[in-house]
Amino acid sequence: MPCASTLKFFSSNCTQSGEQIFHILKAFSRSLPRTPRPPTLRIVLYLPVLSRQNRPRHRLQIRPLHRLRCLIGCCFLPVLLSGCDHSSQESGAYPRRPIKLVVPFGAGGGSDTFARVLQNAIETHRLLPQRMVIINVPGAGGTIGSRRVKNARPDGYTLLLLHDGILTARHSGSASYGADAFTPIAGTGNASQVIAVNDTSPYADLPALMRDATQHPDSIVFAANMGAPSHFAGLMLQSKHPGAKFRFTQTGGGAKRFAAMQGGHVDVSSFSIAEYIQFEPSGIRALALLGPQRHPDLPELATATEQGIDVINENMQFWWAPLGTPAERIETIADALQAAMQTDQVRQTLAEMKITPTMMRDESLAAELDQRDRLIAAAAPTSDVQLPPFANYALAGLILTAAAASLQTFRRRTAMRRDPPQHEAVDGTPKVRPANRIQLAGIGCLTIGYVTSLQLGVAGFVSATAAYALLSGGLLLWPLLVSRQANPIKATLTLLIVSVMMSVVMHHLFTEVLVVDLP
Amino acid sequence: MFTQPGVAIEFLLSPTALLMAAIGSLLGIFVGAIPGLTGAMLIALTLPLTFSMPSELALVLLVAMYVGSVSGGLVTATLLRIPGTPASMMTTLDGYPMARRGQSGRALALGIGGSFLGGMISWGFLVCLAQPMAVWSLTFGPFEFFALVAVAMVLIASVGGKSLSLGLFSGALGVMIAMPGSSPATGATRWTFGIHELDDGFKLLPVLIGLFAVNQVIRQVLDGGDAGETVEASDGDKLDFRARDLATHGVNLVRSALIGTWIGILPGIGANVGSVIAYSAARRASGTPEQFGSGSEEGIVASETANNATVGGALIPLVAMGIPGSVIDAILLGALVIHGLQPGPMLVQSDPLAVQTIVGTLLIANVLTLLFLLASVRVMVRAARVPSYVLVPIVMIFCVIGSYALANRMFDVWVMLAFGVVGYLMERQSIPIAPLVIGLVLAPIGEEHLTAGLMKSGGSLMPMFTQPISLGLCLLALAMVVWTLWRRVADGKAIRLPDDSSE
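Going line by line, the protein sequences match chains A and B.
So for the first sequence, this note's numbering puts the first residue at 1; every next one is plus one.
So for the second sequence, this note's numbering puts the first residue at 1001; every next one is plus one.
If a hint is listed, it holds; no wrong ones were tucked in.
Taking CB as the label site, the calculated pair distances span:
{"no.": "1", "chain 1": "B", "residue 1": "Leu1129", "chain 2": "A", "residue 2": "Thr305", "range": "39 to 47 Å"}
{"no.": "2", "chain 1": "B", "residue 1": "Leu1129", "chain 2": "A", "residue 2": "Ala377", "range": "45 to 53 Å"}
{"no.": "3", "chain 1": "B", "residue 1": "Leu1461", "chain 2": "A", "residue 2": "Val505", "range": "49 to 57 Å"}
Just so you know, the hints here were simulated from the structure itself, not pulled from any lab data.
Computed from a predicted structure; not experimentally measured.
Just so it is clear, CB atoms sit at the ideal spot from N, CA and C, and this is done for glycine as well.
Could you build all of it, start to finish, from the sequences and the hints given here?
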C-alpha cells in the first residue's frame, strides 16, 4: 500500500529533524533540485492517506475535498520538502542520524550559549555528517539532564555537555555519581574565577582578606551559589589557608551576587572573568585571579598563586558520553570538537565571552579531570548553619489548614441541612449526564494511552497525535452526529484538518522552528 | 542618558527595524497565547539566530518578542480560561466569567487597553527613573525580600474566595507542592521518595497548565460542551472601549502600573507576582470586591496592566546597572554580551545606541502589540467559539507538547495531567485554585531569601525586625492579617451559605 508507506516514510523522517529556521531554509533550498518525485504527486499520495483510512464513507465528496487537498497541499509543501531532505543520508558510518546533545541547563544560559556556539561552527563547517541537536533538560543543578545521559544507550547518539558541576555535584551530595559514570570526550573552553570585593572594601589584596578571615572566622560574608563553582572557589581558599573561615550565604547567579555586593549585603564573592569584566566599572574590585597565569584582558590582576595562596579554580565545559560508548565514536566527536574549536568563528565568539579556547582530550583530559576531582574533594563543603526544616513546616501548615477547612465545611453542611437554600442552581456542581461521564472516561483513557505511547516511543509523534486527535474528537462528535446536530461532512472535515494540523504542522513547528525534541 | 537620540530614532523607524519589531511582537503574541510556550523560551531559542545580525537589530527583535509574549497570554486566558503565560493567570479569574456572559469583547478590550497603558506607564518610568530606582532597589537584602514575599503571601487570604479556611488550605497545599525536589537555597534534594524525576520538584508551568487547562477540558466535557456548531459572532464580541473607561479605571490603572513596575525592578520576582499583587490591591481598594473572581472589570485591568508594566520595570535595572530583573532580561543580558556589548552602568556611555534601542523598541513594540491585538481579536474570538470536539483535542495536545517542551521530559506531562484532575476535584469542592498557585510561586522565592538571610546572620531572625524596610513590610503584612480577620469576623457572624458556585 503505497499511501501507508509514504506516511511511514514521512513520519520517520520527521522524527529525525530538529533545527533552527535558517537551517530549514537552507534545507529547503537544497532539497528543491533533488526532490525524488514531483511535489504534486507527493501531495496526492499523502493526503488521501488520512481521508481514505479514516473516512471511507465520504468518497462522494471528492470534488470539494480535492480542492481542499490542493489547498492544504500547498500549505504543506515546505513541510514535505524539508521532510525529504534527510533521506539520502541513510547509509554510511557513524553518525547516521542527528546526535542529541543534552545541555542540563535552561536555554539562554552560559552552558547553552557555549553549546550553541560550537553547534553552529560544526554545522557551518560541516565537521560532522549529521546535525547536532541541542536538548535543554534543566533542573536540580544539572543532575536531571546528566542522569538522563548516564542511563542512555551508549551508542554515541546521546551526549552531555556539563562543566565542573559534574564533579561538584557529587562532592556536595546532590548526585550519587561523578565523572566516573561517563566516558569523557573532550574538555573545551576554560574560564577562571575571580575573587572580588566592593570598591569600598578595606581589603587590598587576597592575603589581607585571608588574614582577616583567620582572625575573625565566620564573620566575612561570602556570597555564593551553593554547590556551584563560586562556592567551591571560597571553599578552596579556606582549605589552603588553615584557620580561615568564611560565612557562606546563598545568593544565586553572578548578577545576583553582584547586586548583593553593591547593596552592601555581602563582603566578598567569586565571579567568572566575563562577569567580573562586565561588573567592574560599576564598582567592584578584584583581589585575585584563580587561574594558572594572568589573563590577557586583565593584565594587572595577580593570580592567587602569585600572592602566595595556591588556589586554581576554573570552569571547563566537558563533553561526556554514556559509559561503554565505542572508542571510535568518541574519537569522531572529539575530532569534530577539536576542529570546531580551531575555527575563527568559535575563537572570536569565545574571546568575546572571555573564555580561553582550551581543547583537551584523551590522556591530558583524564589527568585534568583527576586533578580537578581531587581539588574539589579536598574542599568538600560542610554545612554551617542548621536550617529550619521548611518542608516539615509546610506539611504542618497543610494539616492545620486542612483541619480548619474540613471543620468549617462540616459546619456549613450541617447548617445547610438545617436550612436548605432556596435555589438548587446555586449549588456548585451542575447536573451531569451519564453520557458525558462516559465521554470523559473515554477521553481520559485516550489521553493516558497517548501519553504512554509517546513516552514508550511505541508510535511516532505525528501518528500518535493524529490518532489521538481523531479519536478524542470523534468521541465528542459522535453524539452530535447521532442526534443530527452537526453537519457530518463539515464536522468530519474539520476534525481531519485539525488532526493533520496538530500532528504534522505542530511537529514541524516545534522540531524545526522552536528546536524542541518531541518524543 | 539619552544624548543624541536622533540616530536611534532614525534607526528605529527604518523599515528593517520596524519589520523586526513587527515580527517580534507577532511571534511573541502567538507564543504567549499558547499555554506552555513562554516568552523566555522563544527568546532563548531566537538568540542563536541573531548571531549574524547587527546587535541593535537583534535587540529590537528580542525586546519586541518580550513585549508580545507578555501581552499574548490575555487572549487565551479570557476566552478559554487557559493562561497562555503564567503572568496572565489572574486574568482568567475575571476575564473568562465575562466571556461566558457574552462580554468577551468588553473583557478583551479592557485587557488590551490595560496592557497597552501599563506598558506605556512603565516605559515612562524606564525613561525618567532608570538610574535612581535601580540604585534604591539594591538596598533590598535577603530579609527585605523575604518580608516582601510575606506580604504577598498574606494576600492569599484576600484572593481566597469567600471561605477563608478553604483559601488558606489551598495556599498551604500550594506551598506543600513547592517543597519536594531541590531546596532553592542549598540544592539538597528532599521528599523525592527516591524518584529521581522528582529531583527538580513540580515545575510551575505543568502544574499551571494542568490546574487551568486540563481542569477546563474536564469541565467542558462533563457539561456536554456547547451546542456543537460554531456560534455566530454576536455583539458581545466587538471590542468595547468606552469613553468613560479612563475615568472609571484610571486610579486602578495607575496603581497597577506602579505595582507592576516596582515588582519588575526587583530581581527574580517576575510578571506573575506583579499581576497577583496588583489584582489583590485592586480588590482591596474596590467598591465591589465581591465581583472579583466572577467577572470584575477592575480585576482584568489590574492584572493585565501590572503584568505588562513589569516589562518596563524589569528593564530598568538591566539598562541602568546590567542586572537582569527577570528570566527574560537575563537572556537579553546574554544577548548583549554575545554581541560584544558590555552591560552595566557604563553601557550608557560606551554604547548609547544600544540603550536607546532597547528603550525605543519597548515603545514601538507596545504600539505594535496593541495594533496586532486589536486587528486580530475578532479572529481570535471566533476561534475560541469552535465546537468542543475540535477544541478539546487541540487544547489537550497543546498541553502535552507545552509541558513536555519545558524541560524535554515526559514526567512533566504526567504532572500536568495529574494536576488537571486535582484542579477539577478542588473546584468541585469549592476550593479556590488561585491561592494554591500563589503559594506555589512564592514559597521557593521566600524560602531562598529566608535561607540566605539566616545563613548571613548565622541563624538569627533578628535583622528582619531591625532593618527599617523589612520591619515596615512585616508590619504591613501583620496589619493585613489583622484587617482580613477583623473583616471576616465583623461581617461574617452567620455562617454563609456556599453561594460561590466557583464558576
